[in-house]
Amino acid sequence: MLKNRIIPCLDVKNGRVVKGVNFVDLKDAGDPVEQAKIYSDGGADEICFLDITASNENRDTIYNVVERTSKKCFVPLTVGGGVRSIDDINKLLNCGADKVSINTAAVENPKVILDSSKKFGSQCIVVAIDAKKNGDKWEIFTHGGRNNSGLDALEYAKKMEDNGAGELLVTSMDRDGTQIGYDVDLMSKIASKVNIPLIASGGVGNLDHLVDGIKLGNASAVLAASIFHYGKHSVQEAKEYLDSKGIPVRI
Amino acid sequence: MKITIVDYNSGNLSSVINSFKEVAKDKVNIEVTGDLNKIKSSDKVVLPGQGSFKSCVDALNKINGLTEALHEFAMNNKKPLLGICVGLQMFADIGYEETETKGLGWISGKVSKIDNQNGKYKLPHIGWNQINIVKQSKIFENIKNNSHMYFVHSYEFIPEDKNVISATTDYSSNIVCSVETENIFGTQFHPEKSDKLGLKIIDNFINI
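Note that the protein sequences, when read in sequence, are chains A and B. Per our numbering, residue 46 is the first one in the first sequence, and the count goes up by one each step. Per our numbering, residue 1388 is the first one in the second sequence, and the count goes up by one each step.
Note that these hints are calculated values from the structure, not bench results. Don't be surprised by glycine CBs; every beta carbon is placed ideally from N, CA and C. Among these hints, one or two may not hold up.
[Unchecked claim] Some chain B residues close to chain A (C-beta under 8 Å, calculated; not the full set):
no.: 1; residue: 1396
no.: 2; residue: 1398
no.: 3; residue: 1406
no.: 4; residue: 1454
no.: 5; residue: 1456
no.: 6; residue: 1458
no.: 7; residue: 1511
no.: 8; residue: 1513
no.: 9; residue: 1514
no.: 10; residue: 1537
no.: 11; residue: 1579
no.: 12; residue: 1585
no.: 13; residue: 1586
no.: 14; residue: 1587
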């Protein structure tokens, strides 16, 4: 039976972890590679890096991080943030990323999804959807949530599937950072609209939220950042909790 | 010993290379090349594959003499070869992804889209699934039945002779996820991304 995945996400800026697991035995708590290794040793089904490096001159730091991580972690590694072109995707894959997640570039130029899924295969193309509720629908935001594209999230999700996306990483902008749980309404609506797997993101504050993302949001995978930081919960704890709620996980 | 990971300009090899180097350490020489002579002189060959069946076959055919060299290595000289994902699928006679495409024809059978039962099953089949070992295989040494492996694919290999199947996985139906016949091995899942157990499978292949 296919298991639901738990994906810890690390925000990386200028090659350093912004928030992270605060374990005393870490040699360098700010090193994304060490953090990723802790997660993969702890049973993470995948690792996600979100590069939030703002300045262009430090963009290359992520390549070095990915390269070092892929030599130590032998679970899938997804990298997102600032991925704009076929060339960016190629560089990340060559450094050892298994998938790239593409956000703003996919909205501005949907053809990049078509071209990249043809060139590299759908299996490594994740389209990241940042959506915010407006009335009875959800709209797509870009540039880290700053710009409203006005696009309808459900229609956009379907279009990205048609363009060759292998997975959708759906983040509710209303919930992101709130710790009050995923927008399961948004997740389940998109999940029923498309036939590719959906990764739920944005808003996790406790382990029950992970359960809700799968049971109510119909997500194939749940992504979380802060609950795994500072040792609040380990990935293993999360998996055991999901298992106790009857959700199939890899233990 | 020299193991060659075949580089035929199709998809991303980094994870395969990293995992083999991690397992091999210094005891085995890992080469990554599409050079025919280097392939011929190898002790073992790994044939990865990402993207579509058609794009992989096309990429193989683009390198003059490569399919012949692989055929000689695996079918005539009977040296160990491991196909991963589309690398395994290409063993078939024919594949139906994008358009009907001729495969290597080493193991009779076809590669068809997984039946998603009218949307009941999401495709691609992405994530960790358990393998059901149906026949003892050299690459499953010390791998327990029902171990989890990492999958990502939408198409499945359906061999004519069911005796080649060494493991299946349950997704919509019992999908073939590993084959072994004489010196030819293949996994539909990605051992290079399947954590410690995946590395163990790679180690087993290296130690054949």
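Hint-by-hint comparison with the structure:
| no. | hint | verdict |
| --- | --- | --- |
| 1 | 1396 | 11 Å, violated |
| 2 | 1398 | 6 Å, holds |
| 3 | 1406 | 6 Å, holds |
| 4 | 1454 | 21 Å, violated |
| 5 | 1456 | 24 Å, violated |
| 6 | 1458 | 25 Å, violated |
| 7 | 1511 | 6 Å, holds |
| 8 | 1513 | 5 Å, holds |
| 9 | 1514 | 5 Å, holds |
| 10 | 1537 | 6 Å, holds |
| 11 | 1579 | 7 Å, holds |
| 12 | 1585 | 6 Å, holds |
| 13 | 1586 | 6 Å, holds |
| 14 | 1587 | 11 Å, violated |
Violation of the numbered hints given earlier is confined to hints 1, 4, 5, 6 and 14; the remaining hints are satisfied by the structure.
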